[in-house]
Amino acid sequence: MEAVQGILSPMKHIGSYFKGEGGKKERATERGEMMQYFLERLNQSRVMDGLKPLTMARMGRVLEGIPTTDLYYLKSVCDKAKHFSKKFWWEIDPKKHL
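Under this note's numbering, the first residue of the sequence shown carries the number 1, and numbering increases by one thereafter.
Keep in mind the hints are simulated off the structure, nothing from the lab. Among these hints, one or two may not hold up.
As the list claims (entries may be wrong) - Below, computed lysine-lysine pairings styled on DSBU-like, alpha-carbon distance capped at 30 Å:
hint	residue 1	residue 2
1	Lys-96	Lys-80
2	Lys-75	Lys-52
3	Lys-82	Lys-95
4	Lys-52	Lys-95
5	Lys-75	Lys-96
6	Lys-12	Lys-75
7	Lys-52	Lys-12
8	Lys-80	Lys-52
Said to hold, decoys possible - For each label pair, taking beta carbons as the anchor points, the in silico distance ranges come out as:
hint	residue 1	residue 2	range
9	Pro-10	Thr-68	16 to 22 Å
10	Met-11	Lys-80	23 to 29 Å
11	Lys-87	Ala-57	21 to 27 Å
12	Pro-53	Pro-10	21 to 27 Å
13	Lys-87	Pro-53	16 to 22 Å
The beta carbon of each residue, even a glycine, is placed where N, CA and C say it ideally should be.
Model the full assembly from the supplied sequences, consistent with the hints where possible.
Spelled out as C-alpha cells, the structure:
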C-alpha cells in the first residue's frame, strides 16, 4: 500500500483551480475593477490626510446608484482634475447637480 501511495498524488479540490492569491475566489468584473481604481486613488490622499482608508464595501455603497458606463466618465473627469479626490466627491454629490 505504501508503494502505491508514493506513485499516486492526492487530487486537488476543484475549487482550488478557481481561487486567486491568498486562497480567495477571484471575481473580477468591469465594475469591480473601476471601484478598485477609485479606491486606490482616494485612499492615497486619505492616508496622507490622516483619515482611515475606504473599504471596498463602502466604495460599493458610494457608487451604488451610478451605472458602470457613467463610472468611465467619472474616471476621465477625475483624472483630468487637479485634485482627484475633491473632484470625485463633488461629482458624486447629487445636490451639486440640480
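Lys-87 versus Pro-53 beta-carbon gap, inside 16 to 22 Å or not
Because 19 Å falls inside the window, the suggested range holds.
For the range 23 to 29 Å, tell me whether the beta carbons of Met-11 and Lys-80 fit it or not.
Violated, at about 52 Å.
If you draw a straight line from the CA of Lys-75 to the CA of Lys-52, is it 30 Å or shorter?
Distance ~22 Å between Lys-75 and Lys-52 Cα, so the pair holds.
Does the Cβ distance between Lys-87 and Ala-57 fall inside 21 to 27 Å?
23 Å, holds
Straight-line alpha-carbon gap Lys-96 to Lys-80, limit 30 Å:
Given that 30 Å is the threshold and the Cα spacing comes to 19 Å, the pair holds.
Run the distance test for Lys-75 versus Lys-96: straight-line Cα separation, threshold 30 Å.
Holds: Lys-75 and Lys-96 sit about 18 Å apart, inside 30 Å.
Tell me if the straight-line CA distance from Lys-82 to Lys-95 falls inside 30 Å.
The given pair, whose Cα atoms are some 22 Å apart, holds under the 30 Å limit.
Could you say whether the range 21 to 27 Å given as a hint is met by the Cβ separation of Pro-53 and Pro-10?
40 Å, violated
Restraint check for Lys-12 with Lys-75, where alpha carbons must lie at most 30 Å apart
41 Å, violated
Starting from the range 16 to 22 Å, see whether the pair Pro-10 and Thr-68 falls in it by beta-carbon distance.
Since the Cβ atoms of Pro-10 and Thr-68 sit about 42 Å apart, the hinted range of 16 to 22 Å is violated.
Taking only the CA atoms, is the gap from Lys-52 to Lys-95 under or equal to 30 Å?
Within the cut-off at roughly 25 Å; holds.
Tell me if the straight-line CA distance from Lys-80 to Lys-52 falls inside 30 Å.
Distance ~25 Å between Lys-80 and Lys-52 Cα, so the pair holds.
Of the hints listed earlier, those the structure fails to meet are numbers 6, 7, 9, 10, 12, in rising order.
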